[in-house]
Amino acid sequence: MNFLSNPLTLTTFFPLLGVLVLLFIKNEQKSLIRWVALGTSLITFAISLVVLAQFNPANPELQFVTNLPWIQVAKWNINFHMGVDGLSILLVLLTTFLTPIALLSTWSAIEDRVKDFMVFFLLLEVGMLGVFVAQDMFLFYVFWEFTLVPMYFLIGIWGGARRMYAAVKFFLYTMAGSILMLLAILWLGINQGTFSVPELITLGGIPAGTQFWLFLAFAAAFAIKVPMWPLHSWLPDAHVEAPTAGSVILAGVLLKMGTYGFVRFNLPLFPLAALQLAPFMALLATIGIVYGAMVSYAQKDVKKLVAYSSVSHLGFVMLGLFALNPQGIQGGILQMVNHGISTGALFLIVGMIYERRHTRDIDAFGGLWKVMPIYGVFTLIVTFSSMGLPGLNGFIGEFTILLGAFGSSAIGSPWYAGVSAAGVIMAAVYMLFMFQKLFLGPVTHDENKELKDINWREIIILVPLLVLIFWIGLYPKPFLDLMAPTVEKLVTIVQTSALP
Amino acid sequence: MSLSDLWTNAQGILPLIVLMAWACALLIIDLFIPNDRKGWTAALAAAGLLVSLGLVVTQPAETVRSFNGMMTVDGFARFLHVLFLISGLAGLALAYNYLNRSGLQRGEYYTLFIFSIGGMMAMAMASDLIMVFLSLEWLSIPLYVLAGFARPKLDSEESALKYFLLGAYAGGFVLYGTALTYGAAKSTQLAEILAAVKGGDVNLGMLSFGAAMILIGLGFKVSAVPFHMWTPDVYQGAPTSVTGFMAVTAKAAGFAALLRIFVLAFPAVAPKIAVVLWVLAALTMLLGNLVAIAQSNIKRMLAYSSIAHAGYILMALVPYALKQVSADSVASAIFYLLAYGVTTLGAWGVVIAVEKTDGTGVNLQDYAGLGRKNPLLAAAMTIFMLSFAGVPPTLGFVGKLFLFRTVIEAGEISLAIIGVLTSLISAYYYLRVIVIMYMQPGEPETNSDFWLNLVVGVSAVSVVLLSLFSSPIFQWASTALVQ
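In the order they appear, the protein sequences are chains A and B. Note that numbering that gives the first Met the number 0 numbers the first sequence so that position 103 is 102, with each residue one more than the last. Note that numbering that gives the first Met the number 0 numbers the second sequence so that position 299 is 298, with each residue one more than the last.
The following block holds chain A by itself, in its conformation from the complex (with noise of 0.2 angstroms):
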């Protein structure tokens, strides 16, 4: 298919064109570059959904592919090579569909340096939308490595007091990983010939001492994305300092390249250290999901509290993906998209408080579901989502990874699910204390009398979400046949790597 009329490089290419525009308008004009920013990502979330229209669920392979040579000097073989296919087409969604939201949610939050904050924005998209359909390992390096460059902008510019450190921090810790996971990159290319993924999954045949090594290669970059414990350190720091739409982004699509990372690559490539591997990562994501809890009951930051919720809810991820069984996986994959939805929200709702009362210190708030009905609501909402109230999103997502590591004879052992279970119930925990913290009881501080009421653009950003919540709660069969035949024969290469 040509480069412009297939609709996968269209949509991940399209917000260049928006920057492009923008270069050209005038730094004063901010409405003019806050629509044209905004109609980009809302026309490439309109293109990805003509990507979603045409797209063959039962097909297991990838679709809308782009192959053409690109470096092809002195043996190497590198490839411009883009396609999609179950596993990656709802986290492309994902990206169209979040960003014009977060976008929206800079209307008035950010008012210093319009142009650059939109131009960087729209520069990560392209990023994070490469990394989800790139199918050359160098292509992938390529786009994974330039969204560390507009994030630690967004972080560094326009983020709180410590911004700088925790840009510096974010950059040097998503880097530590790359690197290695590059020299690993190299190595395959290298000894296998090509950097083509699909042709180096056919292709096979790295003995299992050496998939043991490029196994921890490639996880040094993608665990310490997710982030795993105990190499999760940055994430505080990122989305505290962090303005709203960026801990949007980062906790709604950034992480989820991490853990697209591992299914991509690491069950694929290196089936036989995948198997071999899977209890410890259990053993890791377990760790995660008790740790981010409770570390998250003890926060009296909001947003603090939010995001470590983000180590507990991806240890769930984790766990699901290397049950390396159909279920496991599938609610891996859902469970991505649905803490892009939630925590998105949640971070977007102390956003919206944080607006008003320039402090987000749990105990300078309380009763406003007096002052602020509607606000409560949403809120409400998200937070049972979040914690995987049957009926909404989460106990979907989180039900299916449970059922997955129950049973899953490669991390062979029923007690890390059951530790894990117990995880859900500390969600509730801490969940319902932010709410009860914040929502209910007397107005204790005056401040908080005359907070005004989430305004409608505020509910339009909201509304998507919400709707998606319910959606995925009450009928998750389209998500989850999106991806199943591919998660099917990814199965089925990893189980049969290990028979004789």
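DSS-like cross-link-like pairs, simulated, lysine-lysine; straight-line CA separation at most 27 angstroms:
id, chain 1, residue 1, chain 2, residue 2
1, B, Lys322, B, Lys271
2, B, Lys372, A, Lys25
3, B, Lys372, A, Lys29
4, A, Lys451, A, Lys369
5, A, Lys74, B, Lys322
Source of the hints: derived by calculation from the structure; they are not laboratory data.
Using the hints, position chain B against chain A.
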């Protein structure tokens, strides 16, 4: 040698001959150009470089051996010639206004500049150790003078003296190594040294010692640790326009000689020398990057960064004797020189723009607020810093990729790991420049003119664009050394 023979020989090195003749002419022409019109000298110098560049580009792509094998013009030499000449043009563009506002505008700057480029071009072709030594002095002596061009400023004088003393010392090592090699192989010609080794009639111990001495001498030029001591002081003291030029070209010339000599003449001593190279590369990467963190002066920081980059290129030299990778490793080394060169010229351009007339404005803190005050300059500097750190999509990233690949292909995984870990360290101090530019308040004054902006802009754009379309360049770099 008959006249027609002379012409045949000269044809190969015509770009060099034309450039040198032009430099001599310029020396005289400059006398008739009044002091307030030195722009003419600069323009004439640039014209000479352009003509020479045109001659290089239009040369037929064949290998020419000139003057009894003293000089070899091959793809390797042509690649570097283009690098030297383009850096020269960029160096002139950066220098003209800088010299004006620092009160250093004198015609001999440009002539010395061209003489030095001639020496570098000769170095890239030299296929005889005597020629190597000659080119080394030829390129260095004008640079010694240029480093002290801001006299009577003490920094500049210190810089020149230090560079001269250590440079002379390094020259001595090269000469000593040449003598030992001659003693062992009974020739100074690279091809004949190789032939002598194949013949078996060579004292390998003495040859290794000779190779080691040459490595030390050239190690000074490329500022490999532990021969790097001069670099920060010279880079800091020399006029910034000289530093930027020197950081690119002198290093490239040093590597040109190292690569040609070791790959063509010394594969036999690899069992002994490869270990030394391994240690040198590792030390250079580690020390350069670690010490750079502690710098508060941007000239010194970039000096240590240039040391670190020498370490990365040295990595490619480690497997020089492995037949299956040596061609790729030479190509990736000179590709990296190009990537480093483009990035470095741009970065020094920004340093020149921010530097004040009195020579202050070179501390990192002087860059605070640049992102707001001069967004384009800051954006360009950001690209250069990211390229230095090896973040895609930049030329620095592609360059590192090619380098790491050869190293992994040669099986030196641990060296590659040191390489990537030190890149991570380097990201810290490169990022700091970006942090200061964008995230700290300040009101820096910038002195940029059309030519400087052109160099910075073109460098920034090429750093990004060439990284996306790097294949043809690497292809060209792979038209490798010819025995």
